[in-house]
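Number of protein chains: 2
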Amino acid sequence: MKVEKISELTTNRLSIYLRCLNELSAAGVKTISSEELAKRFHLNSAQIRKDLAYFGEFGVRGVGYYVEDLKNHITKILGLDKEHRVCIIGAGRLGTALADYNGFKKSRFSVVALFDIDQSKIGQRVGNACIYDFKDFQKIVKMEKIDIAVIAVPAFVAQDVLDEIVKAGIKAVLNFAPTPLKADDSVKVKTVDLTTSLESLAFFLSQPANGNRQ
Amino acid sequence: MKVEKISELTTNRLSIYLRCLNELSAAGVKTISSEELAKRFHLNSAQIRKDLAYFGEFGVRGVGYYVEDLKNHITKILGLDKEHRVCIIGAGRLGTALADYNGFKKSRFSVVALFDIDQSKIGQRVGNACIYDFKDFQKIVKMEKIDIAVIAVPAFVAQDVLDEIVKAGIKAVLNFAPTPLKADDSVKVKTVDLTTSLESLAFFLSQPANGNRQ
DNA sequence: TGATGTGAAGCGGTTCACAGCC
DNA sequence: GGCTGTGAACCGCTTCACATCA
Numbered sequence: 003m004k005v006e007k008i009s010e011l012t013t014n015r016l017s018i019y020l021r022c023l024n025e026l027s028a029a030g031v032k033t034i035s036s037e038e039l040a041k042r043f044h045l046n047s048a049q050i051r052k053d054l055a056y057f058g059e060f061g062v063r064g065v066g067y068y069v070e071d072l073k074n075h076i077t078k079i080l081g082l083d084k085e086h087r088v089c090i091i092g093a094g095r096l097g098t099a100l101a102d103y104n105g106f107k108k109s110r111f112s113v114v115a116l117f118d119i120d121q122s123k124i125g126q127r128v129g130n131a132c133i134y135d136f137k138d139f140q141k142i143v144k145m146e147k148i149d150i151a152v153i154a155v156p157a158f159v160a161q162d163v164l165d166e167i168v169k170a171g172i173k174a175v176l177n178f179a180p181t182p183l184k185a186d187d188s189v190k191v192k193t194v195d196l197t198t199s200l201e202s203l204a205f206f207l208s209q210p211a212n213g214n215r216q
Numbered sequence: 003m004k005v006e007k008i009s010e011l012t013t014n015r016l017s018i019y020l021r022c023l024n025e026l027s028a029a030g031v032k033t034i035s036s037e038e039l040a041k042r043f044h045l046n047s048a049q050i051r052k053d054l055a056y057f058g059e060f061g062v063r064g065v066g067y068y069v070e071d072l073k074n075h076i077t078k079i080l081g082l083d084k085e086h087r088v089c090i091i092g093a094g095r096l097g098t099a100l101a102d103y104n105g106f107k108k109s110r111f112s113v114v115a116l117f118d119i120d121q122s123k124i125g126q127r128v129g130n131a132c133i134y135d136f137k138d139f140q141k142i143v144k145m146e147k148i149d150i151a152v153i154a155v156p157a158f159v160a161q162d163v164l165d166e167i168v169k170a171g172i173k174a175v176l177n178f179a180p181t182p183l184k185a186d187d188s189v190k191v192k193t194v195d196l197t198t199s200l201e202s203l204a205f206f207l208s209q210p211a212n213g214n215r216q
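For the protein sequence lines, the chains are R and V, in the order given.
Going by the working numbering, the residue at position 124 of the first sequence is 126; the numbering climbs one at a time, nothing skipped.
Going by the working numbering, the residue at position 9 of the second sequence is 11; the numbering climbs one at a time, nothing skipped.
Just so you know, these hints were derived from the structure itself, not from any lab.
Heads up, a few of these hints could be off.
Where chains are identical, the list cannot tell them apart; a pair therefore holds if satisfied intra-copy or between any two copies.
Okay, derived cross-link-like pairs now, DSS-like style, lysine-lysine, Cα gap no bigger than 30 Å in a straight line [what the hints assert, rightly or not]:
{"hint": "1", "residue 1": "52", "residue 2": "192"}
{"hint": "2", "residue 1": "184", "residue 2": "41"}
{"hint": "3", "residue 1": "84", "residue 2": "7"}
{"hint": "4", "residue 1": "73", "residue 2": "52"}
{"hint": "5", "residue 1": "41", "residue 2": "147"}
{"hint": "6", "residue 1": "137", "residue 2": "123"}
{"hint": "7", "residue 1": "7", "residue 2": "41"}
{"hint": "8", "residue 1": "41", "residue 2": "141"}
{"hint": "9", "residue 1": "41", "residue 2": "169"}
{"hint": "10", "residue 1": "73", "residue 2": "84"}
{"hint": "11", "residue 1": "144", "residue 2": "41"}
{"hint": "12", "residue 1": "73", "residue 2": "169"}
{"hint": "13", "residue 1": "32", "residue 2": "192"}
{"hint": "14", "residue 1": "192", "residue 2": "7"}
{"hint": "15", "residue 1": "184", "residue 2": "73"}
{"hint": "16", "residue 1": "108", "residue 2": "192"}
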């Protein structure tokens, strides 16, 4: 077990492994080798072993990993043994879709509040969460003990929203606004840029060797 | 100008540069240096120059890049000078939100069809697109000349949906289902995994040095 | 003079290959 | 015997540094 900086690529993969372990666990599988795990994701088995070895020696030589045991370890490593309370800023189509998204509802993420400035939306409910006025943001973050914020507003107000989030002491942000954002290093901002993803597909199609079917 | 394989990291950045150039162009800026561009995204100027140099010599030494000129070049490189016709499979919350998403509507991406198997949804409209029965998928892909597909269905049917997409001859896929998918190498599948993004944030919060505010 | 284009160095992540242990 | 854990080799992307050219 090392005390190095863990790369985000590693944590992303841990999340993937966990998903698989949950399925294996549900299917009653007791042990699994890194080789077998690797096959499921077209990954390299050494990479899986290395990812896991950052955090401890979870495997048994000659046997593999105990599914239940490894599942619990990764759950703890990712901090998924504690509840996370999420708010979404921007109650438009995307924001409300996210609030209702299964992936957020399952596991230990609870969307507990949405925020908007459109008075006609405020007071409505989406699933278990209420839409609040963004001017009450600071107060409700405290009251609801929110620790993760999702930005689902237009690009031109995203930085202002982020500043407000940081001011509220939230340290983890998922951003859907297609714009570069700046925040203190102590705050983790993860951007999901749908436009870039699409344009990258368009580039692929435009390459003569690929889907460029006339 | 090289004839190497272009990395996806490069194309992602091209998309970002283009967004910036559009703003500069709208603001009437005539030229910009790689140094200045780099500042806007907290990137390295050499990287920008290298990204661009893969495709030609667009700059002028001692001056920088002509905004309008570079904008047009990148637009062409990314294949955004042609229209792209997009369909979304799964007309749930996420699918309909995506259909309405601004980023998809702007630029040259048109969502022309949604698909579902829920008979109560079929026939409804979302924006300019209609919700079709997924059993008519092959036919409508041809009729509507669809070249990009978005998967917004539950994980357990995602592979079946992808197989159908590939069968229809579509070569570019944006996948929102949290599951590893397999397709022929001639097909580009780009996965956006919201659960993994969230769990990666949870990991960050669980690190003692970070947001772990008791 | 000043900013590009680019070979070379640097760095981080992946893969190999094997020692170590069950 | 079989599979893990890991140093070493490898590979690709990023950054540096500078020759080049308007």
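Of all the hints numbered above, which does this structure not satisfy? Sort the numbers upward. Numbers 5, 8, 11, 12, 13, in rising order.
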